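Engineer: Take the given structure of chain U and dock chain B to it, following the hints.
First to last, the protein sequences are chains U and B. Per the working numbering, the very first residue in the first sequence carries number -2; after that it's consecutive. Per the working numbering, the very first residue in the second sequence carries number 398; after that it's consecutive.
Calculated from the structure, these hints are not laboratory results. In this text, all values refer to a predicted model and were calculated from it rather than measured experimentally. Just so it is clear, CB atoms sit at the ideal spot from N, CA and C, and this is done for glycine as well. Any given hint could turn out to be false.
[Said to hold, decoys possible] So the derived list for chain B, only partly shown, Cβ under 10 Å to chain U, looks like this:
#1 Phe559
#2 Gly595
#3 Gly782
#4 Leu788
#5 Val789
#6 Arg820
#7 Thr836
#8 Arg838
These are the residues of each chain, in order.
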Amino acid sequence: MAVLSRKAISSRLKIDIHDRRSLVVTPLLAPEEAFDDDSLDLRLGSFFLLPRVPGFPFYCPDEQSSFSFHTRVHVPLGDFLVVPAHQTILGATLEFIKLPYDVAGQILTKSSVARTFTVIETAPWIHPNYRGCLTLEIANGSNTPILLYPGRRIGQLVLMQVSKDQKERHRAPVADRTLSSTYFGPVFPEPPEFKDPNHDLAAIGVRRIRIIARPQLIDLT
Amino acid sequence: MPDSLADLVRDAASLHQFIGSIYKRRDEPERTHREATVTFLKYIRDLGENAQSFLQSFIEKDAESPRDPDLARFERQGLTTIRGFWASLHELVRPAEDAHTLSIPGALIDFLEKPLSAIPGLDGCRVVISHTAELNYLQYPRTDLRYHAQTYEAIVQGSPEFPKKLALIAMPYSQGSSLFLNLVICHELGHFAFEELGLEERLSRDIDGALKGTLAGYENMSEPDLSWCRERLKYWSEEIYCDRFAIGLIGPAYCFAYIELFDIVGTSDTSDVGEFNDTHPSDACRFWEHADQLRNGDWWSLLEEGVRTSYVDLVKKLAAMPESSYLYESEEKPKLAEPVLAAFLKLKPKVGALVADTFRYGPRRFRGDLDREEINLVRTYLGHGVVPSTLVQDRKERFPDPVALINGAYLFYLESLPELVRRIANQNEHQLSHRSKWTERVEMWTLKAIEDLGLLTHQ
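Only chain U is shown next, with the shape it has when bound in the complex (with noise of 0.2 Å):
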């Protein structure tokens, strides 16, 4: 698995679209700077999701809580957002990404706005043929709250070319029939998805699963 330069990456990504080896990464702002040798960098969206005080006494993903645990927000470009320390909450790059069908990706915090302890993913792999702005995990963990500006560099993406057998190289480089639904195009952070956990364990022959039922308010009268 190589890792793409500079000049592979630009190449890529003036690649027509219904060629399943072209890279999208829009919008682009500032090229010239936007690049190094071996990646490219990112810059945060506009919208967050803040995680909120749920209505139970604990979070359990399952699908019931999947859209419940978040307040979304919208930070014009000029304006920041105060992550207070040891705080998380969910971003999204201001770029929308195509990943070609070779090509896998990472995204990895800025060296800069590592150093002050501010971490952006925590699931950093994206696969080949991801398209979508990507969902960032950001953390404080210093003790001190950081103003995260939007349109800011943020993250830089390392792109890596993913060895394909001879059948699948030889195929005709149109695009993908079909593409997976999960997580597909936001242009927002999306909160995560989940199934409940008695539909994952079955799978795995699990048969007996202990959950938690939820405050219930009970009739007095």
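Structural biologist: Below, chain B alone, put in the same frame as chain U:
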């Protein structure tokens, strides 16, 4: 304290509280507003603070030196005027606050502000979006507000002035961040231009000319009858102006949005399509104007060339309805209905000319191959599930014009959405929930592209 002063203090305190309840906002840090809305809300806040200070000094003056009872009664009337003005503002404030940047198509509004403020006489204009519970779009006429404001300012001296060139447009709260239906906002911007540029006055001579040539006994008509006729012509002309204006801003995408919002497909086979009402021309008449404006702007060639959507057939069908099928009946003035309709048909061409005059460089025209290529590329990108802000063709990148982008996206939605759905695993083009999910995505991608283009062209 004499009784009259006690009453006055009570009334003034009640008004003080009423004003505060309108302009004092709860702190909701997760909400942000567009700059125009911030300006508008600041105006309301300043106005409120000013009014409350005025009320306090009004009472203090009265307490220091009690006035003549007649004068006091007269001044008491002033409180009623203040309350009346704030009651009219009540309608505007909260809906504007609710229309924060997460609940409006901000990128679209940002884009529309540019061609709007390029119109001679509208430079520097801004658009305040607010929400309405109605499933419709509307522009709040500022003439009414100005009239109230003038009376108000005579009482509350030193009131801040209503911000200049601020369009107040309401959209349905349910349409938050969708794109396609919200293109109807372009029609409302037409109302703003019509009012701000004083076009009613420019048209008034033509209105009278058309009435004179059509109404028998025009010279001897009573003033109420004449006013009623003028009003019909003014309303109908303004609606047609706004439709043409909207097409002048964004091309055929406006017609598609209009068809969708008012479910014209469902009513096109009924007699309703030919019927005028007191304030609006019939759909058949409006689509004749749509088609004419599209022809004038060369967009018709795009629609003739291979656009497969039934919406285009509908535009053609309605536009082809003869004027003899137009109908206007009035219970109020049954005898005047027919001649007033005839006068309007005479007046119509003047309205088209007025739209052409409005735009500095004319309305946005179809740019032939350039638009054709961009529209096709936009459709291709959306078909691949990619935001169409940077397009690549022959190894060269290009940024589409926003109008081509909007029309390409609308045509993609009308004609090619199933191609996208088929490309995605476990999605079925006949499953309505799947289809609406991907429609929403297409709208989001297009809005993102409009926003991207703003950044790309800005740099």
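Engineer: Any hints this thing doesn't respect? Which numbers, in order?
Structural biologist: The structure conflicts with hints 1, 2, 7, although it agrees with all the remaining ones.
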